[in-house]
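Chains A and B are the protein sequences, given in the same order. Residues 1 to 299 in the working numbering are what the first sequence lists, from first letter to last. Residues 1 to 462 in the working numbering are what the second sequence lists, from first letter to last.
In case anyone wonders, no lab produced these hints; they're calculated from the structure. Any given hint could turn out to be false.
Below, in silico cross-link-like pairs of lysine-lysine (DSBU-like), each with a Cα-Cα straight-line distance of 35 Å or less [claimed, not checked]:
hint, chain 1, residue 1, chain 2, residue 2
1, A, Lys70, B, Lys332
2, B, Lys10, B, Lys35
3, A, Lys54, B, Lys327
4, A, Lys70, B, Lys10
5, A, Lys171, B, Lys332
6, A, Lys56, B, Lys5
7, B, Lys5, B, Lys80
8, A, Lys54, B, Lys102
9, A, Lys105, B, Lys332
10, A, Lys105, B, Lys327
11, B, Lys35, A, Lys216
12, B, Lys275, A, Lys56
13, A, Lys206, B, Lys104
14, B, Lys396, A, Lys70
15, B, Lys450, A, Lys143
16, A, Lys206, B, Lys10
17, A, Lys56, B, Lys102
18, B, Lys396, A, Lys206
19, A, Lys137, B, Lys415
20, B, Lys459, A, Lys56
21, A, Lys56, B, Lys396
22, B, Lys332, A, Lys175
23, B, Lys10, A, Lys143
24, A, Lys105, A, Lys56
25, B, Lys80, A, Lys171
26, B, Lys450, A, Lys216
27, A, Lys171, B, Lys450
28, B, Lys327, A, Lys56
29, B, Lys10, B, Lys80
30, B, Lys327, A, Lys171
31, B, Lys10, A, Lys137
32, A, Lys143, A, Lys175
33, B, Lys450, A, Lys137
34, A, Lys206, A, Lys236
35, A, Lys105, B, Lys35
36, A, Lys182, A, Lys79
37, B, Lys332, A, Lys137
38, A, Lys105, B, Lys275
All figures in this text were calculated on a predicted structure; none of them were measured in a lab.
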Amino acid sequence: MFKKILFATSATPASDHAARVAFNIARGYDAHLDIFHVLGVPSRGYSQVVVDVKTKERVDVDDEYMSWVKEEVNTYYSKYLENGLKFDINVTVGFPAREILRQAKDTNPDLILLGGTTGDEDESVYKKSVASTTLQKVAKSAKCPVLIVNRPAASFWGGLSNITFGTDFSKSSDKAFDFTIKVAKALDCEVNVFHALDITSVSTGKILSQDDIEQKIREAFRMIRAKYEPALKELKNYSMDVWEGIPYIEIVKYARDNHSDLIVMAHHSKKAKQEDAILGSNVEQVIVRAGCPVISVNR
Amino acid sequence: MPEGKYCNKKPIETPEEVNFLLSDTSGNTYYEEMKSLDVDSDLMWATIQKTMKSRLKTWLEICAHCGMCADSCFIYLVNKKDPKQVPAYKIQSTLGEIIKKKGKVDNAFMRHAMEVAWSQCTCCNRCGTYCPHGIDTGIMFGYLRGLLYQQGFVPWEMKIGAGMHRAFRAQMDVTNEDFIETFEWMVEEYEDEYPGLTVPVDVENADILYTVNAREVKHYPEDLAEAAILFHVAGENWTVPTEGWEQTSLAMFAGDWAACKMQVESVYDAMERLKPKRMIGTECGHAHRATVIEGPYWAGREDGLPPVESIHYVEWLAEALREGKLKIDPSKRIKEPVTIQDSCNYIRNQGLKNATREIVSHIVEPGYFIEMSPNKEHNYCCGGGGGFNGIGFFRKQRNQALITKRDQILKTGAKLVLAPCHNCWDAIRDLEEEFEIGIRWSFLKPLVIKMLDLPDHMKPEE
Ligand code: SF4
Ligand code: SF4
Ligand code: SF4
């Protein structure tokens with residue numbers, strides 16, 4: 001299932017939840033873990049000066065400093081690194097999202113794992129010049145699924161038993177569904193396919209009558225059956241649901257009610273239609289709010 | 001120990017030498033060694049006799065010490081009008097002394113001259129426009145830097161920067177392969193959103209040859225994608241060269257004249273090889289100055305021009321908007337107080353003020369644009385020009401110099417600063433970090449892309 005995992009970390013407590021998950025999966029799948037740390041963002045023109053995300057100090061980065069930081073990361077995770085875990089540690093300088101994507105391009109992992117705030121600490125000054133956050137950028141452009149652990153995941157991977165798959169019936173959602181099925185089969189877990197009918201007036205342009213809503217829910221149900229049921233039938237347990245509301249809130253509620261320990265959704269890179277743009281931000285909203293890890297699948 | 005391990009007169013030529021010098025953290029040993037570096041007075045005097053243009057000599061001689069240039073220099077102003085910061089004094093007490101003494105100056109003098117040349121002048125050329133005799137101190141400082149570089153009295157980062165150009169023909173350790181690979185990668189990342197987006201490499205006879213700043217490749221590759229998107233949407237027939245793609249020149253800031261020539265010739269070779277109609281460089285001020293304004297002289301071109309017509313990015317952008325190649329959706333124009341940083345290098349020194357104002361008229365909702373005061377060719381340097389931004393040894397002085405721009409921006413009340421120059425962009429970034437005045441700053445490309453009114457056939461399908 002996973003042979004190579006890229007774990008992007010700030011190597012600070014902010015990434016600890018993600019770290020637990022990363023090391024768990026790597027062990028569970030005997031996968032190779034690339035522990036990747038972007039130590040700071042370049043500043044001061046073309047100089048070597050970087051603000052270190054861990055120490056918050058302005059430092060002159062050279063080889064010696066890089067190896068020192070590598071050592072620090074190693075120490076920070078030392079208790080996880082024993083007993084023949086396959087890993088390496090890479091440290092670099094740059095804008096976190098860009099460098100994570102660059103590393104992914106060079107190493108082709110099957111999964112990128114991000115802590116909720118990876119690399120965004122002490123970046124206040126950059127946030128103003130950089131339009132979106134690390135997470136948004138990586139989720140948008142990565143070629144493999146991106147797993148984001150924003151809050152503590154109680155039992156994860158190995159203990160995974162229930163997945164919520166949120167769909168909006170787009171092409172990228174199909175990709176996300178294929179991935180969901182793959183994981184469910186490998187881990188033998190239950191899949192809940194879920195669609196949230198967006199009834200916010202921003203999206204529909206008008207207030208829907210109850211009849212309209214029920215009509216649309218029935219349509220969505222038919223779509224889910226047609227699109228996903230054949231594949232779902234190969235699993236032991238699955239369910240399908242359509243709720244109405246604000247999509248990202250409904251998905252989070254639904255996953256909580258079902259005791260899901262993973263949410264899978266598509267990330268939309270397309271900005272063609274207005275609705276897609278809103279759905280794109282749905283994933284981000286879900287990530288921030290969900291009590292369990294979220295996997296964003298792009299292509 | 002006259003010649004040090006790190007600090008010496010020998011230029012850096014190879015990647016190994018670059019790394020070696022980089023390994024001396026912050027240049028601590030480098031500056032220590034500099035204290036005992038010998039001055040080769042004979043070499044310096046011989047160089048002066050060979051290279052010093054009569055114009056410069058005349059300038060030094062005719063200066064009336066009238067002090068009219070004083071108030072024009074922002075560094076003088078932010079340093080409480082210290083008389084030692086008057087442009088005429090700064091150059092007379094350094095270059096002037098060297099000439100008077102026929103090069104017979106000592107180590108301490110040279111280190112002092114280095115401090116003046118790199119921390120008291122950004123070569124912004126503002127004083128030159130106020131001197132009744134037309135004396136341009138910025139140009140003279142450029143010359144002085146050359147003499148200092150030759151003797152090894154040059155800030156650590158500058159020596160490295162010039163060395164990068166010699167070793168990589170780029171201001172950072174970015175190879176030709178890195179450049180093409182990164183460009184292709186970025187285009188791939190955006191091709192879903194812009195179907196048909198490509199980066200044409202080494203195409204002969206294209207309308208546009210595009211050159212960049214190596215920092216974009218290394219740290220801000222989105223900039224490459226943005227350039228590709230705008231050329232693509234405008235329907236331009238453009239290309240990038242596999243060699244000679246770096247338009248900037250830290251060598252110019254360093255005073256490494258030989259490296260300046262090497263660097264600019266690599267770009268000119270690309271022009272000769274690919275025969276484009278025009279060359280367009282990225283949003284960088286000093287890169288334009290190096291490649292388009294000064295470069296022809298370094299390369300010994302008799303007509304004083306690059307091999308093909310070369311324009312700045314803002315000229316192209318203004319043209320594309322004017323001719324309707326790029327259309328702006330009026331509802332997406334900037335609707336907040338916004339100002340623009342006029343880069344000395346192409347506004348004061350090449351008069352492109354109208355191009356940037358024209359762009360503003362397309363992308364800013366009427367009523368929201370506020371000029372800085374003074375502006376256009378009278379604008380002050382951002383505070384980090386001429387290499388000042390990157391030099392750790394003179395950080396304190398640089399931060400002090402940022403105050404002019406900070407106050408100019410604050411007076412406009414703008415929350416957004418357009419900065420179509422890498423160096424200015426950096427300085428403004430740093431000044432926000434230093435003083436936290438609550439501004440944002442941006443190149444033009446990303447802003448324009450957000451406002452584009454795309455023709456239907458260019459919209460992605462789903
Ligand atoms: S204004 Fe010109 S002449 Fe007067 S002191 Fe300055 S450089 Fe000399
Ligand atoms: S060129 Fe600019 S920084 Fe240098 S002395 Fe003149 S005004 Fe001052
Ligand atoms: S950095 Fe910008 S403002 Fe400063 S000297 Fe250079 S072009 Fe001028």
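Results for each hint:
For the hint pairing Lys70(A) with Lys332(B), the CA-to-CA distance comes to about 45 Å; that exceeds 35 Å, so the pair is violated. For the proposed pair Lys10(B) and Lys35(B), the alpha carbon gap of about 16 Å is at most 35 Å, so the pair holds. As the CA atoms of Lys54(A) and Lys327(B) are separated by approximately 44 Å, the hinted pair breaks the 35 Å bound. Distance restraint check for Lys70(A) and Lys10(B): the Cα-Cα separation of roughly 34 Å lies within the 35 Å cut-off, and the hinted pair is therefore satisfied.
Pair hint Lys171(A) plus Lys332(B) holds up; C-alpha atoms about 29 Å apart against a cutoff of 35 Å. With a C-alpha separation of about 32 Å, the suggested pairing of Lys56(A) with Lys5(B) holds against the 35 Å cut-off. A threshold of 35 Å between alpha carbons decides the hint, and for Lys5(B) with Lys80(B) the separation of about 39 Å lies outside it, so the pair is violated. Only pairs whose Cα atoms come within 35 Å are accepted, and Lys54(A) paired with Lys102(B) is rejected, the gap being roughly 53 Å.
A C-alpha spacing of about 34 Å is found between Lys105(A) and Lys332(B), which places the hinted pair at or below 35 Å, so the restraint holds. With a C-alpha separation of about 34 Å, the suggested pair Lys105(A) and Lys327(B) falls inside the 35 Å cut-off, and the hint holds. Between Lys35(B) and Lys216(A) the CA atoms are separated by roughly 80 Å; this puts the pair beyond 35 Å, and the hint is violated. At roughly 49 Å between alpha-carbon atoms, Lys275(B) and Lys56(A) are farther apart than 35 Å, so this suggested pair is violated.
Restraint check: the Cα-Cα separation between Lys206(A) and Lys104(B) comes to about 84 Å, which exceeds 35 Å; the hinted pair is violated. Among the hinted pairs, Lys396(B) with Lys70(A) is consistent with the structure: their alpha-carbon atoms are about 31 Å apart, no more than 35 Å. Restraint check for Lys450(B) and Lys143(A): the C-alpha separation of about 24 Å stays at or below 35 Å, so the hint holds. The hinted pair formed by Lys206(A) and Lys10(B) fails the criterion: a straight-line CA distance of about 74 Å is larger than 35 Å.
About 49 Å separates the Cα atoms of Lys56(A) and Lys102(B), which puts this hinted pair outside 35 Å; it is violated. Of the supplied pair hints, the one linking Lys396(B) and Lys206(A) is violated, its CA atoms being roughly 59 Å apart against a limit of 35 Å. Our distance criterion of 35 Å between C-alpha atoms is met by Lys137(A) and Lys415(B), whose separation comes to about 25 Å. The straight-line distance between the Cα atoms of Lys459(B) and Lys56(A) is roughly 43 Å, outside the 35 Å bound, and the hint therefore fails.
A threshold of 35 Å between alpha carbons decides the hint, and for Lys56(A) with Lys396(B) the separation of about 19 Å falls inside it, so the pair holds. Simply put, Lys332(B) and Lys175(A) have alpha-carbon atoms about 33 Å apart, close enough for the 35 Å limit, and the pair holds. The straight-line distance between the Cα atoms of Lys10(B) and Lys143(A) is roughly 47 Å, outside the 35 Å bound, and the hint therefore fails. Of the supplied pair hints, the one linking Lys105(A) and Lys56(A) holds, its CA atoms being roughly 28 Å apart against a limit of 35 Å.
At most 35 Å may separate the alpha-carbon atoms for a hinted pair to count; Lys80(B) and Lys171(A) exceed this at roughly 64 Å. Under the criterion of a C-alpha separation no larger than 35 Å, the hint pairing Lys450(B) with Lys216(A) is consistent with the structure, at around 34 Å. Taken as a hint, the Lys171(A) and Lys450(B) pair is honoured in the structure, with Cα atoms around 25 Å apart against an allowance of 35 Å. For the hint pairing Lys327(B) with Lys56(A), the CA-to-CA distance comes to about 43 Å; that exceeds 35 Å, so the pair is violated.
A C-alpha spacing of about 38 Å is found between Lys10(B) and Lys80(B), which places the hinted pair above 35 Å, so the restraint is violated. Straight-line distance between C-alpha atoms of Lys327(B) and Lys171(A) comes to about 30 Å, which keeps the hinted pair within the 35 Å bound. At roughly 44 Å between alpha-carbon atoms, Lys10(B) and Lys137(A) are farther apart than 35 Å, so this suggested pair is violated. A distance of roughly 11 Å separates the Cα atoms of Lys143(A) and Lys175(A); the hinted pair therefore holds under the 35 Å criterion.
Our distance criterion of 35 Å between C-alpha atoms is met by Lys450(B) and Lys137(A), whose separation comes to about 16 Å. Taking the CA atoms of Lys206(A) and Lys236(A), the gap is near 41 Å; set against the 35 Å cutoff, the hint is violated. Distance hint between Lys105(A) and Lys35(B) is unfulfilled; the C-alpha atoms sit about 46 Å from each other, more than 35 Å. Between the alpha carbons of Lys182(A) and Lys79(A) the distance comes to roughly 31 Å, so the proposed pair stays at or under 35 Å and holds.
This hinted pair checks out: Lys332(B) and Lys137(A) have alpha carbons roughly 22 Å apart, not beyond 35 Å. Proposed proximity of Lys105(A) and Lys275(B) is supported: the alpha carbons are some 33 Å apart, at most 35 Å.
The structure is inconsistent with the numbered hints 1, 3, 7, 8, 11, 12, 13, 16, 17, 18, 20, 23, 25, 28, 29, 31, 34, 35, although it conforms to all the rest.
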